[in-house]
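Engineer: Number 117 in UniProt numbering belongs to position 117 of the sequence shown; there are no gaps in the numbering.
Keep in mind that the hints are not guaranteed to be accurate.
Below, a list of computed lysine to aspartate or glutamate pairs in the EDC-like style, where the Cα atoms sit at most 20 Å apart [said to hold, decoys possible]:
| id | residue 1 | residue 2 |
| --- | --- | --- |
| 1 | Lys162 | Asp26 |
| 2 | Lys35 | Glu61 |
| 3 | Lys85 | Asp66 |
| 4 | Lys212 | Asp120 |
| 5 | Lys75 | Asp88 |
| 6 | Lys162 | Glu191 |
| 7 | Lys85 | Glu61 |
| 8 | Lys35 | Glu192 |
| 9 | Lys212 | Glu61 |
So the derived label-pair ranges between C-beta atoms look like this [claimed, not checked]:
| id | residue 1 | residue 2 | range |
| --- | --- | --- | --- |
| 10 | Val23 | Lys75 | 37 to 47 Å |
| 11 | Phe225 | Arg135 | 49 to 59 Å |
| 12 | Pro82 | Tyr57 | 19 to 29 Å |
| 13 | Phe225 | Glu155 | 45 to 55 Å |
| 14 | Lys85 | Gly219 | 32 to 42 Å |
| 15 | Gly171 | Gly148 | 21 to 31 Å |
| 16 | Val169 | Glu214 | 51 to 61 Å |
Keep in mind that the hints were calculated from the coordinates and are not lab data.
The beta-carbon is built from N, C-alpha and C at its ideal position, and this holds for glycine as well.
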Amino acid sequence: MKKLIVMLFALLPSLAMAAGPAVPLDAANNDLSDKASLQNGARTFMNYCFGCHATQYQRYERVATDLGIPAELMKENLIFDPNAKIGDLMTNAIPTEYAAASFGAPAPDLTMVARVRGADWIYTYLRSFYADPSRPFGVNNVVFPSVGMPHVLEELQGVPSKVYETRLVDGKEVQEFVGIEADGSGELNKEEYDAVVRDLVNFLAYSAEPMKLERQRMGYWVMGFIVVFFVLTLLLKKEYWRDVH
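Using the sequences and the hints given, assemble the complete structure.
Structural biologist: See below:
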């Protein structure tokens, strides 16, 4: 028992580091029933993320069916590998060794990232890049410090920078970080960029659990069956015990 307690205390620092910095997360407010949002998210993912990150545990055909995308449109606009078929798994062509050499670590598969990190974390993360010339790709991230990933959505957002406000603390002026602000060079304004990120997060949330809505619908039927079965059982019990009483 004493050894177990010692091991737990030894693990506390590593667990704290794994938890990451205590950054307040913004609500993604994703809606898996919004097909238009999911379609836009799939388009953004395939155009900006799929070059490095795969979702190798789902298939093009399943995504097209679930999101209401005709198979021909899927093949023409969202399948970039000329050798890939509509029924193939969604893997990309970047070699693991090349990705590790370029980014410091292999680019992780994102099929389950929304279940591992949470939709709010991803939404906040993608909106928390800021310019940092000291980093290899010229950007850093508030949620994930010393991030090895480039800001792939920069052409949409523009060049983001940290914003500080001067406040008095104990009579001294202190620069306090208040948020991220783009320079306006991107294709989208702040509201439009946030909407694109929300759609992308919505797609990743769908990828992590494609059956979630179906499971929830089935759950209502199951609960209804249990209620009806309980009532019938109660009535049957009263019928059996009527003669006893």
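Engineer: None of the hints should be skipped; say for each whether it holds.
Structural biologist: Hints and how they fare:
With a C-alpha separation of about 17 Å, the suggested pair Lys162 and Asp26 falls inside the 20 Å cut-off, and the hint holds. Restraint check for Lys35 and Glu61: satisfied, since their Cα atoms lie roughly 16 Å apart, inside the 20 Å limit. Restraint check for Lys85 and Asp66: satisfied, since their Cα atoms lie roughly 17 Å apart, inside the 20 Å limit. Taking the CA atoms of Lys212 and Asp120, the gap is about 17 Å. The hint holds against a cut of 20 Å.
At roughly 11 Å between alpha-carbon atoms, Lys75 and Asp88 fall within 20 Å of each other, so this suggested pair holds. Distance check on the hinted pair: Lys162 and Glu191 sit about 18 Å apart at the alpha-carbon level, within 20 Å; holds. Proposed proximity of Lys85 and Glu61 is supported: the alpha carbons are some 9 Å apart, at most 20 Å. Proposed proximity of Lys35 and Glu192 is supported: the alpha carbons are some 18 Å apart, at most 20 Å.
For the hint linking Lys212 to Glu61, the alpha-carbon distance of about 18 Å falls within 20 Å, and the restraint holds. The given range of 37 to 47 Å is respected by Val23 and Lys75, whose C-beta atoms sit roughly 40 Å from each other. Taking 49 to 59 Å as the suggested C-beta distance range, the pair Phe225 and Arg135 conforms, at roughly 56 Å. Against the hinted window of 19 to 29 Å, the Cβ-Cβ separation of Pro82 and Tyr57 comes to about 23 Å, which satisfies the hint.
Between Phe225 and Glu155 the C-beta distance comes to about 52 Å, which sits within the given range of 45 to 55 Å. With their beta carbons about 34 Å apart, Lys85 and Gly219 fall inside the hinted range of 32 to 42 Å. Checking the proposed 21 to 31 Å range against Gly171 and Gly148 shows it is violated: the Cβ atoms sit about 41 Å from each other. Between Val169 and Glu214, the C-beta spacing of about 52 Å keeps the proposed range 51 to 61 Å intact.
When the structure is compared with the earlier hints, a violation turns up for hint 15 alone.
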